[in-house]
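Colleague: Residue-level listing of the chains:
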Amino acid sequence: GENVEQHPSTLSVQEGDSAVIKCTYSDSASNYFPWYKQELGKRPQLIIDIRSNVGEKKDQRIAVTLNKTAKHFSLHITETQPEDSAVYFCAASGSYSGGGADGLTFGKGTHLIIQP
Amino acid sequence: NAGVTQTPKFQVLKTGQSMTLQCAQDMNHNSMYWYRQDPGMGLRLIYYSASEGTTDKGEVPNGYNVSRLNKREFSLRLESAAPSQTSVYFCASSYRIQRYNEQFFGPGTRLTVL
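If you read the sequences in order, they're chains A and B. Quick note on our numbering: the first sequence kicks off at 1 and runs consecutively. Quick note on our numbering: the second sequence kicks off at 1 and runs consecutively.
In short, the hints are calculated from the structure, not lab data. Note that the structure is a prediction, hence the values are computed from the model and not measured. Glycine is no exception: its CB is placed at the ideal position from the N, C-alpha and C atoms. Hints should not be assumed to be uniformly reliable.
[To be verified] Result set (DMTMM-like, lysine to aspartate or glutamate): computed pairs, CA atoms no more than 20 Å apart in a straight line: (1) A:37 x B:38; (2) A:108 x B:59; (3) A:108 x B:102; (4) B:14 x B:38; (5) B:57 x A:2; (6) A:68 x A:27; (7) A:42 x B:102; (8) A:37 x B:102; (9) A:57 x A:39; (10) B:71 x B:52; (11) A:58 x A:27; (12) A:71 x A:27; (13) A:37 x A:59; (14) A:58 x B:102; (15) B:9 x A:39; (16) A:37 x A:56; (17) A:108 x A:17; (18) A:108 x B:38.
[As the list claims (entries may be wrong)] One-sided excerpt, in silico: chain A residues whose CB lies under 8 Å from chain B: (19) 34; (20) 93; (21) 107.
[To be verified] Chain B regions said to be covered by chain A (calculated; three or more residues, Cβ under 8 Å): (22) 36-42; (23) 102-113.
Required output: the full structure, derived from the provided sequences and hints.
Modeller: Quick look at the structure:
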């Protein structure tokens with residue numbers, strides 16, 4: 001099955017600086033890579049996603065890059081703000097039963113702390 | 001639209017007790033999922049249902065059973081709860097287009113097994 005590694009586990013940046021979170025995946029058949037933001041006690045919320053036929057996607061201050069050859073993808077947040085403080089999870093589409101590739105495999109999360 | 005709803009929000013069980021977690025979605029999605037979230041472990045897939053009438057195991061299915069009652073509802077049952085099943089359980093749903101499946105999550109059920 002799929003395996004997703006995420007780094008770092010904790011990231012502290014000054015307000016206004018950029019933050020980068022990196023993930024690697026193992027299954028070359030995975031072709032969908034979402035990023036979720038989770039605030040304390042809340043549900044995960046999708047913030048951006050990328051499909052395997054695209055190398056980069058941007059939405060205002062958030063961007064995601066994908067390198068299929070190296071099997072890694074990254075989340076970039078520019079001009080960080082206090083409300084960006086949360087846990088961020090990367091994920092990859094994965095196959096569990098050899099055919100039904102419906103579930104997501106998640107990384108273990110990055111706790112992003114924005115220092116004022 | 002309520003999106004994805006889950007009941008109950010909180011539950012405390014004793015070891016050996018059984019219970020069913022309920023999930024419903026009103027977005028006409030065909031696929032539904034159950035995940036558990038443990039500290040430092042991210043979310044792990046327990047079971048999923050690609051479409052009404054089908055269910056399949058995920059990464060950590062042991063100790064659980066599921067029922068896809070209809071297109072809207074997908075329940076998760078713990079037959080004999082164990083302390084290792086203390087976790088936060090999230091239900092999710094998606095409209096599966098090929099393999100690009102943006103998943104929407106419910107608010108979660110916080111379960112403690114004593």
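Colleague: Taken at face value, is the distance from the CA of residue 52 of chain B to the CA of residue 71 of chain B at most 20 Å?
Modeller: Judged against 20 Å, a Cα distance of about 5 Å means the pair holds.
Colleague: Residue 57 of chain B and residue 2 of chain A: Cα distance at most 20 Å?
Modeller: Roughly 14 Å separates the two Cα atoms, so the pair holds.
Colleague: Compare the distance between the alpha carbons of residue 9 of chain B and residue 39 of chain A with 20 Å, and conclude whether the hinted pair is satisfied.
Modeller: holds (17 Å)
Colleague: So, as I understand it, the hint says residue 107 of chain A touches chain B; can you test that by seeing if any CB pair is closer than 8 Å?
Modeller: For residue 107 of chain A, the interface hint holds, since the closest Cβ of chain B sits about 6 Å away, which is under 8 Å.
Colleague: Mind checking, does the segment 102-113 of chain B have 3 or more residues with a CB under 8 Å from chain A?
Modeller: With 7 residues closer than 8 Å to chain A, the segment 102-113 of chain B meets the three-residue bar; holds.
Colleague: Straight-line Cα separation of residue 108 of chain A and residue 59 of chain B no greater than 20 Å?
Modeller: holds (14 Å)
Colleague: Has the given pair, residue 108 of chain A with residue 38 of chain B, been kept, meaning a C-alpha gap of at most 20 Å?
Modeller: Holds, because 10 Å separates the two Cα atoms, which is no more than 20 Å.
Colleague: Min Cβ distance, residue 93 of chain A to chain B: is it shorter than 8 Å?
Modeller: Result: holds, 5 Å to nearest chain B Cβ.
Colleague: Does the alpha-carbon distance linking residue 58 of chain A and residue 102 of chain B stay inside the 20 Å limit?
Modeller: holds (17 Å)
Colleague: Given the proposed pairing of residue 37 of chain A with residue 59 of chain A, does the C-alpha separation stay at or below 20 Å?
Modeller: Judged against 20 Å, a Cα distance of about 15 Å means the pair holds.
Colleague: Below or equal to 20 Å on CA atoms is what counts here, so check residue 71 of chain A against residue 27 of chain A.
Modeller: holds (8 Å)
Colleague: With a cut-off of 20 Å on the C-alpha distance, tell me whether residue 37 of chain A and residue 102 of chain B pass.
Modeller: holds (14 Å)
Violated hints, listed in ascending order, are 9, 11 and 17; each of the other numbered hints is respected by the structure.
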